[in-house]
Amino acid sequence: MKLTTSTRNSLVNEQIESAGEAEYGIIIDIDDRNDNDSIKMKYIHITGILLLLCSLTCSFNDNLNMLYDNENMMGKRSPVQDFADTLLQHTKDKINAISNNNTLVNAIFSFFKHYYGKTYSSIQEETLRFQTFKQTLLTVVKTNILQLSYEAELNAYADFTNSEFDSQKKGLIPSSQKRNHFNDDEQIEQLLFELRNIEKQQYMFDKSEREEELEEREQIYKRSLPLQRRGIWSDIMKYLTEALYAKKSGKLYDLSPQQITDCSSSGNYGCNGGNFAPSVKYLNSIGGKLALWNSYGYVAVKQTCKLSSSVSTVSLGTIQYAQVPQGDENDLLKTLYAQGPIFIGINANTNTFKSYKGGVINLSSSSCSPTGIDHAVTLVGWGQDASTGLNYWKVKNSWGSNWGESGYFRMARGSNVCGISNMAYAATLT
Numbered sequence: 001m002k003l004t005t006s007t008r009n010s011l012v013n014e015q016i017e018s019a020g021e022a023e024y025g026i027i028i029d030i031d032d033r034n035d036n037d038s039i040k041m042k043y044i045h046i047t048g049i050l051l052l053l054c055s056l057t058c059s060f061n062d063n064l065n066m067l068y069d070n071e072n073m074m075g076k077r078s079p080v081q082d083f084a085d086t087l088l089q090h091t092k093d094k095i096n097a098i099s100n101n102n103t104l105v106n107a108i109f110s111f112f113k114h115y116y117g118k119t120y121s122s123i124q125e126e127t128l129r130f131q132t133f134k135q136t137l138l139t140v141v142k143t144n145i146l147q148l149s150y151e152a153e154l155n156a157y158a159d160f161t162n163s164e165f166d167s168q169k170k171g172l173i174p175s176s177q178k179r180n181h182f183n184d185d186e187q188i189e190q191l192l193f194e195l196r197n198i199e200k201q202q203y204m205f206d207k208s209e210r211e212e213e214l215e216e217r218e219q220i221y222k223r224s225l226p227l228q229r230r231g232i233w234s235d236i237m238k239y240l241t242e243a244l245y246a247k248k249s250g251k252l253y254d255l256s257p258q259q260i261t262d263c264s265s266s267g268n269y270g271c272n273g274g275n276f277a278p279s280v281k282y283l284n285s286i287g288g289k290l291a292l293w294n295s296y297g298y299v300a301v302k303q304t305c306k307l308s309s310s311v312s313t314v315s316l317g318t319i320q321y322a323q324v325p326q327g328d329e330n331d332l333l334k335t336l337y338a339q340g341p342i343f344i345g346i347n348a349n350t351n352t353f354k355s356y357k358g359g360v361i362n363l364s365s366s367s368c369s370p371t372g373i374d375h376a377v378t379l380v381g382w383g384q385d386a387s388t389g390l391n392y393w394k395v396k397n398s399w400g401s402n403w404g405e406s407g408y409f410r411m412a413r414g415s416n417v418c419g420i421s422n423m424a425y426a427a428t429l430t
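For the sequence shown, full-length UniProt numbering begins at 1 and goes up steadily by one.
It should be emphasised that the hints constitute simulated quantities derived from the structure, not laboratory data. Don't take every hint at face value.
DSS-like cross-link-like pairs, simulated, lysine-lysine; straight-line CA separation at most 30 Å [said to hold, decoys possible]: (1) LYS281 with LYS248; (2) LYS281 with LYS306; (3) LYS251 with LYS302; (4) LYS118 with LYS134; (5) LYS248 with LYS306; (6) LYS306 with LYS289; (7) LYS92 with LYS113; (8) LYS134 with LYS92.
Sequences and hints are given; from them, build the entire structure.
Set out below in structure tokens:
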């Protein structure tokens, strides 16, 4: 059973009617009987609005399977976005309503704060967060009005300024070198050479079983990554080393990104950012020993390296690697199929990624420069979107499963969108 729009509206109206009447707070009733889409306000007791918000939250949570059981790749709807859509659905000019009616925006902001448990240290901070939230709401509405190949939504980051989002959710420090052969390893260079010379017809993926095979392989390696600050590059290293070791040994361990954050100091900067090559050099320098998560836990800050004989580790072996030729998505595809998950850097365009809900990101180079690499992610698959016909890359992010398509996003394949093929590293264990 799915809860239809009319049923949701009835639910909202019932909760409003049951909230009571008194002197503080607001309830919004959007009147569509005139061109101005006037908004009438009733004042109710503050406990009434809290009951309303609580009741709506409980209703949304109790009916998640009914409200958000979309089985396509777009993932679950955000309850906050659903609440905003309900309030705005009869408004003819949504952008004008948001821009000029803070009462409307505050109703959505109040639900957002309640749902995500947001608290602020002062009135000044709350004012700043409100203005930021309002701008995010405008961006989301404008994006979705355009009916692009992807959708935006209000999520937990809707009150983050762009600079705050960049400082907390990114942190990749790209190499200044245009082409890297860090290991000078003949075997992996030979691998890339062989991959480049495989007939393209062997990798026609849209109508073959190869995508299904790769998806099955991904399920074997799949891990949930923690919500991190600027140590995201170490999260990606954790995921890749787990995948590489599983491929080598058939055993899947939960490894520690915290060790990499704390101990790989040469070329990496802890929670201030890092990259693939310095991390690999560090691991190879200590014999490929990486701690288990439960022996070297995650603390979200850089600390003194705590690796010792008392810490339980896995001996990975030697990591051999090379950079896939820059800008060559055919090579990238072949390497992905042959090697499995690949460490890549992208330009995670803040206006798009902060509010990404789902779909295929297909930005122009002027909107998302391929040279502005600032975020580490893991390339795991490919496919073709049924609704748009766009070929895409499937990419695992590290911002939690409530972001995007259950923690993943899709990027258009074939035009190096956001520099997706500019910094990709193929690796193997020996």
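Hints versus structure:
Between LYS281 and LYS248 the CA atoms are separated by roughly 19 Å; this keeps the pair inside 30 Å, and the hint holds. Proximity of LYS281 to LYS306 is assessed by CA-CA distance (about 18 Å); at most 30 Å being required, the pair is judged to hold. For the hint linking LYS251 to LYS302, the alpha-carbon distance of about 29 Å falls within 30 Å, and the restraint holds. With a C-alpha separation of about 15 Å, the suggested pairing of LYS118 with LYS134 holds against the 30 Å cut-off.
A threshold of 30 Å between alpha carbons decides the hint, and for LYS248 with LYS306 the separation of about 27 Å falls inside it, so the pair holds. Between LYS306 and LYS289, the direct Cα distance comes to roughly 13 Å. Compliance with the 30 Å bound is thereby established for this hinted pair. A threshold of 30 Å between alpha carbons decides the hint, and for LYS92 with LYS113 the separation of about 26 Å falls inside it, so the pair holds. Using a Cα cut-off of 30 Å, the hinted pair LYS134 and LYS92 holds, with the two alpha carbons roughly 18 Å apart.
The structure shown violates none of the earlier numbered hints.
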